[in-house]
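Chemist: Residue numbers (the working numbering), protein chains in the order written: chain X, 1 to 315; chain B, 316 to 852; chain V, 853 to 1123; chain R, 1124 to 1614.
Note that these hints are calculated values from the structure, not bench results.
Small disclaimer: the values here were computed from a predicted structure and weren't measured.
Treat the hints with caution; some may be incorrect.
Capping the alpha-carbon separation at 30 Å, the derived lysine-lysine pairs in DSS-like fashion look like this [as the list claims (entries may be wrong)]: (1) B/K731 with V/K1010; (2) R/K1332 with R/K1307; (3) R/K1332 with X/K179.
Quick list of the computed label-pair ranges, beta carbon to beta carbon [what the hints assert, rightly or not]: (4) X/A305 with R/L1156: 45 to 53 Å; (5) R/E1495 with X/A303: 13 to 21 Å; (6) R/E1495 with V/I926: 18 to 26 Å; (7) X/L150 with B/H331: 40 to 48 Å; (8) X/D46 with R/E1254: 15 to 23 Å.
By construction, the Cβ of each residue, glycine as well, lies at the ideal position given by its N, Cα and C atoms.
Single-letter residue listing:
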Amino acid sequence: MLHYIFKRTLILLATLFVASLVVFVTIEVVPGDPASYMLGLNAQEDTVAALRAELGLDKSRPARYWTWLSGLVTGDFGTSYTYRTPVADMVGDRLWVSLPLAIYALVLATLIAFPAGVYAASRRGGITDTVVMALTQLGVAIPNFWFAMLLVLLFAIKLGWFSAGGFPGWDAGVWQAMKSLTLPAIALALPQASILTRVMRSSLLDVLNEDFIRTARAKGLSRRQALWKHALRNAMVPVLTIMGLQFSFLLAGAIIIENVFFLPGLGRLIFQSIASRDLIVVESVVMILVLAVVLVTFAIDLAYAWVDPRLRGSR
Amino acid sequence: MSDSLLRLDKVNLSIHETPILHDVSLQVHAGSVLGIIGESGSGKSMTAFSILQLLPQGAVCSGNIHFDGMQINNLSEEQLCHIRGNEIGMVFQEPMTALNPVQNIGAQVAECIALHKSVSRSQALTQAAAVLERVGLPNNEFPLTRYPHELSGGQRQRVVIAIAVALEPKLLIADEPTTALDVTTQAEILALLKQLVVESDMAMMLITHDLAVVSEVADNLVIMRDGRVLDHGPTRTVFNELKHPYTRALYDASSHTPERNASIEQVVPLVELTDLVCEYPMARRSLFEPRKMFRAVNQVSLSIFSGESVGLVGESGCGKSTLAKALLGLSPIVSGRIMLRGEQVHSGVKVSNKVRREMQVVFQDPYSSFNPRHRVGRLIAEPLHLLENQPDKHQRVKLIRVTLESVGLDGEDANKYIHEFSGGQRQRIAIARALIIKPALIILDEAVSALDVSVRAQVLDLLAELSDSHELAYLFISHDLSVVRSITDRVLVMKQGQIVERGDTDSVFISPEHNYTKTLLAAAPQLPQSNAEASRI
Amino acid sequence: MRLRSFILGALLVLIFFSAALISYVWTPFDITQIDIKLRFKSPDFTYWLGTDHYGRDMLSMLMIGARTSIAVAIVAVGIGMLFGVPLGLAAAAYRGRFLDEAIMRGNDLVFAFPALLIAIMITAVYGPGALNAIIAIGIFNIPVFARLSRGAALSLWKRDFILAARAAGKGVTRISFEHILPNIANLLIVQGTIQFSLGILAEAGLSFVGLGTQPPIPSWGRMLADSQTLIYTEPQLALFPGLAILLTVLGLNLLGDGLRDWLDPRLRHER
Amino acid sequence: MKTTQLSRAIFLALLVAGSAQAAKTDVTIGMQLEPPNLDPTGGAAAAIDEVVYANVFEGLTRFGPDGSVLPALAKTWEISEDGLTYTFELQAGVAFHDSSAFDADDVTFSLERAMAEDSTNAQKQLFANIESVENVDGAVVIKLKTADGNLLFNLAWGDAVIVAPESIETLATAPVGTGPFIFKNWVQGDQIVLEKNAAYWGEAVALDKATFKFISEPTAAFAAMMAGDLDAFPNYPAPENLPQLEADPRFSVVLGSTEGETILSTNNAIEPLDNVLVRQAIAHAIDRSAIIEGAMYGYGTPIGTHFAPHHPAYVDLTGKSEYDPEKAKALLKEAGLADGFTTTLKLPPPAYARRGGEIIASQLREVGIDTEISNLEWAQWLEQVFKGKDFGLTIVSHTEPMDIGIYAKPDYYFQYDNADFQALMESFNAETDEAKRTELLQQAQNIITDDYVNGYLFQLAKTGVASVKLKGLWENSPTQANDLTGVYWED
């Protein structure tokens, strides 16, 4: 088991390092320079040059990469060119919007998908099975940003139950903050829940055809008991893979949803900093998203070993 | 008829409108063993499942099934659940997949106990440990926390049996319990089953396609074909009278020995191996230890003369397949020399086409050895790729037709797809594929083990004919001693990567020297002599 | 039920494909004509689906929008297959060795970046536009096909007919293309339709945030973005593009499911 | 969520709602762009001034609601005969927010900092004409290199506000000025909060607290207004929602003017746009009313030259470029381009550019001029168009006040080089007499119109939306600012 974890950690660190290299190189070649952006239309040449020096933009690329990378390791992401505040703080409060949103959506998706998937699988071919399948087909097909617009139209404007967007901040009370994250979470959760339901159902159906289910039935377990006690856990492996993959979809999807609901999350920060060529912020935020995805995949790998003893390596 | 524990009369079953069982009637008495014999597709397993009403979706079952004085085929699901595992236990064919891979063996056995008896979890576990001891899995060697993937096929089958007999059921149904196991393990499992029947006065229904197995274990027999019971009665009388023509055909096929004139020329050996060693890496235990290598073939030397048919027997895992693959250049060799017609062949890495032209192979599983996307013509013509001067289109078509006809198939079959053929026909095609470039040696790796008895006989006859007409040498690899005995001139017995005994087939079978060979021969079930007038085909 | 959904899927896909193809030759109105007086007309006999905020015919915009979305998605899936499948086959052919490990780690790296993030980085660096959207979505498809074809190929390599082919002296590349590829073709087709529908959603997402196809070429995503501010006064502007995306993706998914059942013999008897 | 927590949250909500009934003294203002930082002397972003100008920071002089120059920290001033020396008497008893004293030394520090070689002040050229700044026993004496009528005007800009050396280090994130409001806190990406400065030297202001919320998406702006999250949105970004807001009794829509001349800038240096006939053809090919209606939903006043219509010196020259496609085609034929030509149209992010661009592209196509549209981020626009001059046509709104002077700079991005216009501007700068300055300005407008240097489209309208009961907001925006000094709740 230890060997398994050690190997996975090694891979994780290597992926992060290569990712940081790829991110820095792709973003460094971005045309447009933050200094001239900040000084606006009729700034003179020398003022722009002065600002570049002040921001340290004139140092060589490898030097800047090294300072950024060493900063990453110690948690100091450097100072933003346009905001002149430490990137870490900016990203910190934005993380407190994007992360809860992603988790809220994942929880919602799982709470919907598990019962629906299991219910549909246990009543294969029945009406509920067909209805669930039809709904998931729709859920997968709906573009979530369009669904978000419809949610705003219905719940925020017509019924006024929710605010149309914006984030009051956690100090305005957990209840208020969660309320403002509800519509975006639903919009994000819908496609994920649909995909997860379909995977859950098909994976369960495969396992129900296995021989050991027949053994369980021969032991005297009823159809439902065999499903809950034996099939469910075996069906978890493919489901876990999809959940891992989905987390990265969730983060990506959040970037668009944050736009529709004007939430001050990491997604909008990326857009704003790309527009203002605040390269150091873009690089740091991308790295944080990559770190989140890689950590989740690592957690999923560990969960595999917990769910399926065969992966734990010989005793 | 009075004290029969289980009685089926006129049981009919159809799934999605396709009829499976027709008026099946049989009975089992307490403390006795009923053997059900039939080839694949005869409905024997379905009979077992209809007893427990564990039928797939869309199954319609009629007629009545009496068990222990009660009619059980119209009971509610809840009542049936009470009987399953408690009154009737069941053992299945495939031990490798019969257990839940993510649950340890203790929990899986205890679950059955806790389900039917109101006992605490710990009590259920102690009872489970007792049952496991009883089926030959001592707790010190096999603790309850072991997982199925850490056990061998035989050990897993013992766990399945433990589950089935944990609650001392009145009836145990064993559906082909030993088909997937080695000869020695098969003998142990059959002995265990017999002992359990005697100890707890349990009735057993043993389902198999192997006449020899059932003849040693069952008190009464039922012979089924296409969902119908053709013959039944006490084992002895059924074997002696061979009343029903199908029973007679089955009996003859099982003891069939093809006509062969063993012409052996003691000239330069066609193929000679000296001190061959093959290894492959094992799973890495921990990062720091170097990968341990498993030595599958350990200093093996043998020689095969052209036209000769050599048998290689041994249990699974003894390295016989690795040896075959090494010979064909499909797996790497650590050391040792391979000579073909006196010429050094294997120089370590690649095997030249010249050598491959001399040797071809036929595999075990007819359903896996063909690319479903290609037509038969293209399938059997694949080895032509080895020839220096490729035959032109016209020659190629003629060659394909001739080769197909030589294995008893029709020239037109060339443009059909493989899924249009039965198991037996597919092995004929596999042999055609091997024959097309007229090799000197064909390696048959368990070529007939997957076939039904009657089909197996035909394929063995074909091989015998071909070896005479085409001056062919065979290396016949199998774990089934009776088949090897009927077709080979010389035999080599292999154990843990080494050849422990070699010699003429008859002398080795009649007076084996090495005690491993002795245990092997003893374990193989013998077909009783039938005093019915033996009819020759 | 399965056959019906397959036909429904095929029908929907047919409608949108033909709409896209026809749009090359003819559209009810010329979309380059901007006439502010005609804007926000609700659907009537001349303008079947009404007009947009520049007075252009919504139906024509949707037809040409279909062209962009479908073109971007097809090329993106093409890139995914063209690079992904050979990588997957190679990884399976040299399983366990360095090449396999390298390809798999490369996949993990691309998977580590959330799909849209790659798109944003590329379009931010090289400017928005349909070509960059294609590359961005295409890059994300490569590991999907690589991982899929590697998995399928690995199970085939264990099959006896591959050993027989090796015994017949065939090299690894010949076996991969002659034996392995035809047998995983079904899987690739089915996954292709799924990735196609994901491609359409991705292109719409990119255009929605202004990074996909640029004006004057219409695209469904951008039509949605433009309609966002008018959603309270002219909701129908958001309705039609959203429905177009939904129906196309739905059609493709149903088609994919139908194909999977029809092509995969194991499931065939279940119908 | 334990029940106690829930009940406390509800009680809290009621409390907040309850207090709203009493006379409101706080206001929430909506803004589209968030300022990168809060140092008006260190960056050019309009958003900085929109928060701090006249609220947190003050200069010697300041702009009034109608654009006139009013005294601020300078109580009175005298100008010498030759117009080269200005002496300013400063207000007494003024303190910075960190309670450090305000005196002439702060003024000299601020202006010298802006004029310095390595200064990062975006409008450094405003101070180019200053020779020296001295503290002469409490008064500030500024000597000029040449007579310049614009000094008082220049000192009113946001970039010329007075800062203190003590707080200069953290100015960008913790601004310290002399204004009526003190900076409270800043939640990046969301809002900035200012509070009343009790020790303000001038007239007391009505508001205790002001919150600036940043909402860039037009849809979100509308939703926030409708949901009552905002009290006012001075520069409402989505003109298409204005009719609906106007119809709502809670709100009043106030239309004003800005200094934003929105023009179709034409690169006068490249083929064939260097030919005046071609530029004239473009001018006639453009239908201003369609653009204003299509892009800005009717909000915006057409302009015929690069000058703000609300300014007294404005001359209405729209007649010289009325919409006449036939004339445009004839002009093109005359210029030897009968079958038209192709050029690039590079558009910055704002809505007026992106929407206007599509409409103009279709209008130009009518007369045979094809345009390749490319949408750029601001940074790319500055790089390619503004500095690189690599463009054919672009659309941008010049929002600096009185910026007709840019036509006198030959290296300015549309590269217009006209010697007698440059001479005209020189004399204007030197002129101090109002009547003569107006006359010179009118001549300037005529020259750039006759030369058809750019396509003059419309003046950006200030579409302000505010709660009916909120009074005192600026109607026009002579400079980018949200001056809250005069703002109060009515009932």
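Chemist: Determine for every hint whether it applies to the structure shown.
Modeler: We went through each hint and held it up to the structure:
Taking the CA atoms of B/K731 and V/K1010, the gap is near 25 Å; set against the 30 Å cutoff, the hint holds. Under the criterion of a C-alpha separation no larger than 30 Å, the hint pairing R/K1332 with R/K1307 is consistent with the structure, at around 9 Å. Annotation: proposed proximity of R/K1332 to X/K179 holds, straight-line Cα distance about 26 Å (limit 30 Å). Between X/A305 and R/L1156 the C-beta distance comes to about 50 Å, which sits within the given range of 45 to 53 Å.
As the Cβ distance of R/E1495 to X/A303 is approximately 52 Å, the hint placing it in 13 to 21 Å is violated. Here the CB-CB span from R/E1495 to V/I926 is close to 25 Å, well matched to the stated 18 to 26 Å. Look at X/L150 against B/H331: about 44 Å separates their beta carbons, and that is inside 40 to 48 Å. Under the hint 15 to 23 Å, the C-beta atoms of X/D46 and R/E1254, about 20 Å apart, fit the expected range.
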